[in-house]
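Place chain G on chain H using the hints.
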Amino acid sequence: MIQNLSMHKLIMRNHEDTKGTKRNEHASSLIRAKQKNKNCGKLLFFLFITFIISLLPSAVLFAEGPLEKNDIPATQKSEEEAWTGIDVSIVGKYAAKYGHPPRDPYINTDQGDLLLFVFTVAGVIGGFVIGFNARRLFYEK
Amino acid sequence: MSKSILFVTVTFFTSFFVLENVVYAMHITEGILPPKWVFTWFAVSLPFVGIGTYHVKRKKRYVPGYLPLVGMLGAAVFVFSCFPIPVIALNGMATSHPCGTGMSAVLLGPFVSVLVAAIALLIQALFLAHGGLTTLGGNIFSMGILGSFSGYFAFKIAQRCKLPLFWCGFLAGMVSDLFTYLGTSIELGLLVIGKGGSFFKATAEIFWVFMMTSQGVLCIVEGVVVGFVLVFVYKRRPGILLNLGVVKDDTKPIHA
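If you're matching them up, the sequences are chains H and G in order. Following the working numbering, the numbering of the first sequence begins with 1 at its first residue and continues without gaps. Following the working numbering, the numbering of the second sequence begins with 142 at its first residue and continues without gaps.
Since the hints were made in silico from the structure, they are not lab data. Misleading hints may appear alongside valid ones.
[Claimed, not checked] Calculated lysine-lysine pairs in the DSSO-like style (CA-CA distance at most 27 angstroms, straight line):
no. : chain 1 : residue 1 : chain 2 : residue 2
1   : G       : 177       : G       : 342
2   : G       : 200       : G       : 297
3   : G       : 303       : H       : 141
4   : G       : 200       : H       : 141
5   : G       : 200       : H       : 38
6   : G       : 200       : H       : 34
7   : H       : 36        : G       : 201
8   : H       : 141       : H       : 34
9   : H       : 97        : G       : 177
10  : H       : 38        : G       : 376
11  : G       : 389       : H       : 141
12  : H       : 97        : G       : 336
13  : G       : 201       : H       : 34
14  : G       : 297       : G       : 198
15  : H       : 34        : G       : 198
16  : G       : 200       : H       : 42
17  : H       : 42        : G       : 342
18  : G       : 198       : H       : 36
19  : H       : 36        : G       : 200
20  : G       : 342       : H       : 97
21  : H       : 141       : G       : 201
22  : H       : 42        : G       : 201
23  : H       : 141       : G       : 198
24  : G       : 201       : H       : 38
Bound conformation, chain H alone (with noise of 0.2 angstroms):
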């Protein structure tokens, strides 16, 4: 009976030891895994960062200089135009009043329908982000 016991103690004991390993590797694999994510948005970071590094030079190689004075009328012969962004109509027209005309940006996306692709994209990824979280937010238990 006595022996019996200690069996059953001895059991129990590598039972709970067995339990508590598996709860260890359980964590130890969280960690990883913790650690694994950390590494891969380090890289994600570092490939963005790389990424505009790699184009700044050529785009401020091949960015158009300061608009002349008699150019200026690009900015403001869209105040006639309709559904100009005022952002350009009215900042555009009064730096050029005040002598500090508008340029090119250095990285210049406004060409043909590269803006519009690029607006796209913004807005998939920026509806996408706060899609993602706003369920994490406000719908998940």
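Just chain G, lined up with the frame of chain H:
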């Protein structure tokens, strides 16, 4: 109450549709600011961005769900501030965009809102030909700093006056939009210094033109949006607003 809000909004829009046409935002385009102002605005803005980063690191430890909220509002500020909304106003047909910093300032705090605005403006300057890299400091000052702090304080003052949550949000959104454009007007007005012009006159003229065009309408629209967002969050997950210290237990969402 909601019927009266709808009525005021519709009346406001209609009045602008009926008025005579003449039209002419907030992003200052590349090349407009001379080097001395480029450096000045960067010097003014960078400390706020630094403090914002510190606040995110600190708050994420003790506010549950803070990072998803920062992500969501960051994306919202980014989308809001490059989302051209067509408006027919006093001087014709134009498009303009809201800022979103009022909403982020109320929910995240003004410093984090500056950080969020800075990231949004950087991405826009890099990829969307919107704003500029040399004018980034100036744009952070107007949209990030002035927009966030004015919206935050407007919200706090409205709360002190015991206004319902919707109207607190409305004022935050509207005031932040107004101050953002005031900031842009100041930055442009400063360009006349040394050229014989009057800074105050130039600033007032530019701000007046902004308000008489689509921005006057849009600041009200932004106020309504921020008000509804806050009421939605309060009704859906009041815990978020309580944890952030935005509201107290006895806050009334809409009804006075």
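Evaluated hints:
In summary, the hint linking residue 177/G to residue 342/G is supported, as the alpha carbons are separated by about 22 angstroms, within the 27 angstroms threshold. Between the alpha carbons of residue 200/G and residue 297/G the distance comes to roughly 20 angstroms, so the proposed pair stays at or under 27 angstroms and holds. A C-alpha spacing of about 32 angstroms is found between residue 303/G and residue 141/H, which places the hinted pair above 27 angstroms, so the restraint is violated. This hinted pair checks out: residue 200/G and residue 141/H have alpha carbons roughly 22 angstroms apart, not beyond 27 angstroms.
Under the criterion of a C-alpha separation no larger than 27 angstroms, the hint pairing residue 200/G with residue 38/H is consistent with the structure, at around 19 angstroms. Straight-line distance between C-alpha atoms of residue 200/G and residue 34/H comes to about 20 angstroms, which keeps the hinted pair within the 27 angstroms bound. For the suggested pair residue 36/H and residue 201/G, the alpha carbons sit about 21 angstroms apart, so the restraint of at most 27 angstroms is met. A distance of roughly 22 angstroms separates the Cα atoms of residue 141/H and residue 34/H; the hinted pair therefore holds under the 27 angstroms criterion.
As the CA atoms of residue 97/H and residue 177/G are separated by approximately 19 angstroms, the hinted pair is consistent with the 27 angstroms bound. Restraint check for residue 38/H and residue 376/G: not satisfied, since their Cα atoms lie roughly 34 angstroms apart, outside the 27 angstroms limit. Restraint check: the Cα-Cα separation between residue 389/G and residue 141/H comes to about 23 angstroms, which is no more than 27 angstroms; the hinted pair holds. A hinted pair counts as satisfied when its Cα atoms are at most 27 angstroms apart, and residue 97/H with residue 336/G qualifies at roughly 11 angstroms.
Distance check on the hinted pair: residue 201/G and residue 34/H sit about 17 angstroms apart at the alpha-carbon level, within 27 angstroms; holds. Of the pairs offered as hints, the one joining residue 297/G and residue 198/G holds, with about 24 angstroms between alpha carbons and a cut-off of 27 angstroms not exceeded. For the proposed pair residue 34/H and residue 198/G, the alpha carbon gap of about 18 angstroms is at most 27 angstroms, so the pair holds. Pair hint residue 200/G plus residue 42/H holds up; C-alpha atoms about 21 angstroms apart against a cutoff of 27 angstroms.
Distance restraint check for residue 42/H and residue 342/G: the Cα-Cα separation of roughly 49 angstroms exceeds the 27 angstroms cut-off, and the hinted pair is therefore not satisfied. Taken as a hint, the residue 198/G and residue 36/H pair is honoured in the structure, with Cα atoms around 21 angstroms apart against an allowance of 27 angstroms. The hinted pair formed by residue 36/H and residue 200/G meets the criterion: a straight-line CA distance of about 24 angstroms does not exceed 27 angstroms. Using a Cα cut-off of 27 angstroms, the hinted pair residue 342/G and residue 97/H holds, with the two alpha carbons roughly 14 angstroms apart.
Distance check on the hinted pair: residue 141/H and residue 201/G sit about 20 angstroms apart at the alpha-carbon level, within 27 angstroms; holds. Taking the CA atoms of residue 42/H and residue 201/G, the gap is near 19 angstroms; set against the 27 angstroms cutoff, the hint holds. Proximity of residue 141/H to residue 198/G is assessed by CA-CA distance (about 25 angstroms); at most 27 angstroms being required, the pair is judged to hold. About 16 angstroms separates the Cα atoms of residue 201/G and residue 38/H, which keeps this hinted pair within 27 angstroms; it holds.
When the structure is compared with the earlier hints, violations turn up for hints 3, 10, 17 and for no others.
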